[in-house]
Amino acid sequence: MHLKFDNRLLGSIFVAGLVLAFIVGIAIISIFVGFEGNQRSFAAQNAVPYVEHEAEEASTTSSETTESTETETPPVAAGPVTFQISAKGEELAFDLNSITADSGAEVTIAFNNPASFNQHNLVIVAAGDKDLVAADGIPAGADNDYIDPGDARVIAKTKLLAAGASDEITFTAPASGAYEFVCTFPGHNFTMFGDFTVN
1 MHLKFDNRLL GSIFVAGLVL AFIVGIAIIS IFVGFEGNQR SFAAQNAVPY VEHEAEEAST
61 TSSETTESTE TETPPVAAGP VTFQISAKGE ELAFDLNSIT ADSGAEVTIA FNNPASFNQH
121 NLVIVAAGDK DLVAADGIPA GADNDYIDPG DARVIAKTKL LAAGASDEIT FTAPASGAYE
181 FVCTFPGHNF TMFGDFTVN
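This note's numbering numbers the first residue of the sequence shown as 1 and each following residue consecutively.
Since the hints were derived computationally from the structure, they do not count as laboratory data.
Honestly, I wouldn't trust all of these hints.
Unchecked claim - Now the in silico label distances, taken between C-beta atoms and shown as ranges: (1) L96 with F32: 32 to 42 Å; (2) T82 with G164: 51 to 61 Å; (3) A165 with F32: 29 to 39 Å; (4) A162 with F190: 19 to 29 Å; (5) V24 with T82: 43 to 53 Å.
Even glycine gets a Cβ: it sits at the ideal position worked out from N, Cα and C.
Full structure from sequences and hints, please.
See the structure below:
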């Protein structure tokens, strides 16, 4: 014995499917309209410009901000500080999320790369400049440690370390403000960074 289907039943199922598809389409359009086409603040703050003139504009704005911060607060004498920072094994992350120093202090950072195969470096830049510095360092290549040699946004840097290597840098802490340390190896800057606060 075979089951028989009424053509009206199949037609009703087809029409119900069309109505459901229409309702889902309207719901999806409503979601997009609800966002009003505005970028979310996180995406806007962390976007890496791929057009040269956008990078130059952002660079100019960041350097103006850095210059005004540096001229407003002259460095004050402070004692030396030393930090031990390592890459977290094969993760693209540092073992410290933040460091703090006083303006004018002699800062020493001993950086260790215990990874088995990843190369890393550590670069100090003003807050907000890490992605621009990393993007501008890609054309400079590994011979320049993925840092543009003339980049004035770089406050201090280690060399690009092979797996198992270490390096140490010493510099004077800049004016009070927010800074970051970042790995500029291509693609690492998105997750491998930390905050450097200068009081």
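Here is how each hint holds up against the structure:
no. : hint                       : result
1   : L96 with F32: 32 to 42 Å   : holds, 41 Å
2   : T82 with G164: 51 to 61 Å  : violated, 21 Å
3   : A165 with F32: 29 to 39 Å  : violated, 49 Å
4   : A162 with F190: 19 to 29 Å : holds, 22 Å
5   : V24 with T82: 43 to 53 Å   : violated, 60 Å
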